[in-house]
Amino acid sequence: MADDVILRVIGALVIAGLIIGITTPIYLIANNMSGNNTSLVDLTGMLTRLNGLAHHISYNFIEEKEIGVNGAHALRLDINLLDGYIEVGRGSVNTIVIEVYSTSYTADGYEASFNVQSGDLHIMVKSPTIKLVVQIPSEMIVKGVNLDMSNGIAKINMAEIKGPISFVIDNGILESELKNIVSNNTLIKMSNGVVKLSLQYSHIDLSEIKIQINDGIFKASIRVPNNTMLKVTPNILNGVVHVSLNGKNITIYEDPGYNVSSSRLDCGITVLNGYAKIDFER
Amino acid sequence: MLDYIGMMVVSPRKSIQILVAEKRSILLGLAIVILASLVGGLNLAYIVSIKGLGFVGLKLPFLVSLSSVGIVGGYIILNIVLWLVLGVLIYAFDKILGGKASLETVLLAYSYQWLPVLITGLFSPIFYYLDTLTSIVVYVLLLLIALVWGYVYTLITNAEVNKFSLGQSFASVLIAYIIIVITALPVSMVGGVH
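Chains A and B supply the protein sequences, listed in that same order. Going by the working numbering, the residue at position 113 of the first sequence is 119; the numbering climbs one at a time, nothing skipped. Going by the working numbering, the residue at position 161 of the second sequence is 193; the numbering climbs one at a time, nothing skipped.
The following block holds chain A by itself, in its conformation from the complex (with noise of 0.2 Å):
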């Protein structure tokens, strides 16, 4: 009796080995090629989730630099990401922080270089297993925000920009909030993934926001100052889209005196396929 009794648990196992080593490649396998676009799901819930998921794996970590860049007045700041975790930050003690999560270690998965007497920084992530911090003071200006990202995780706050915003996303997810911006043309291009922007303008004379989904989840809040005149121009061909202008939808929308304001800010919206809500503020 007992004999059997110990036969079936050894059955049970084997069976039970069966049916996890199938299932669970198998659903490895096809969550990590479903990759963003599963579902149109709460956005925040998503982020903290994956967020919470890269800190989980954090332990992973090999390497960590830390890089002052005292003595530079400005940054421009490019990142190519191609799979990953990064995060990018001005923090309470006037930091940016860059932080790389990645299960896979390579030795050359991240290629940095940092020129910061000019004020550039440059940084190439493969999938690397690095965490980068790089302290910046308070006063530093930001020249430039270039991102091109094909899978991962990015988040990015930054303020006191005085350059181009440059965001093209062929998958991932990123999180930014840009604050303080002054007055300059910006690029957001996505084929697919999950992006979630605050843009906050301080100052603009003629600029220019060009917005180009293939398909994805797009959300974004743009604030602009109170005399700005607006000009926003969608073109939608497939998709859903809302864009709203102080919690009212609007389509094609220009605000009487456009032409001659000497403040202006010029927003065309191309969306083949997906889910873009743009909501303007001032």
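Hints are computed from structural coordinates only; laboratory data are not their basis. Honestly, I wouldn't trust all of these hints.
Said to hold, decoys possible - Label pairs and their in silico Cβ distance ranges:
(1) D10/A to L135/B: 32 to 40 Å
(2) D154/A to V184/B: 49 to 57 Å
(3) N279/A to I211/B: 53 to 61 Å
(4) G105/B to I12/A: 30 to 38 Å
To be verified - Over 12 Å on every C-beta distance to chain A, these chain B residues come out as not near it, computed from the model:
(5) A53
(6) S57
(7) I58
(8) L60
(9) L62
(10) I109
(11) L129
(12) L135
(13) L173
(14) Y183
(15) I188
(16) I211
(17) V213
(18) L217
For every residue, glycine included, the Cβ atom is placed at its ideal position computed from N, Cα and C.
Got chain A sorted already, so can you dock chain B onto it with the hints?
Just chain B now, kept in the frame of chain A:
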């Protein structure tokens, strides 16, 4: 059913006696090989296609799909071919040593080689938590354990169906394995050159 499977793991000698007495089809052996290949192949596909391609920065959806299907399909086909070829070789050497079992019975007995791979499936979730290199090391380690474990099963079951001693069975199976290794080496070297 569960006690039946449990018996195959705990007492391969007794279970092969029952399988032979019940005149179980060769399809049972084929099923074990295919299911074990699925477990091994899918885990290898996850490590290579998701972790490995990410490791070298080539994790493109097309490549991931192609390599996953290729690895799993190739792994199953390779294992079935190995099962048949090695089974026939073992059968041939069994006959030379005076074995009494039919080819079908030898193939059924030889399918026990793949049984431990099913159990290693229990370790699949750990690959998620490991980096690429550690995953490969753990995978190879599990495969080696399953190989040795399965080899012991094969010795026992092959001895039982042929009414051999373990020594005779050891000789028969080992010679078959050596022939495969000797044959495979030049073939792989030629393939490598091309």
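- Task: Taking the numbered hints from earlier one at a time, note which ones the structure violates and give those numbers from smallest to largest.
- Result: none
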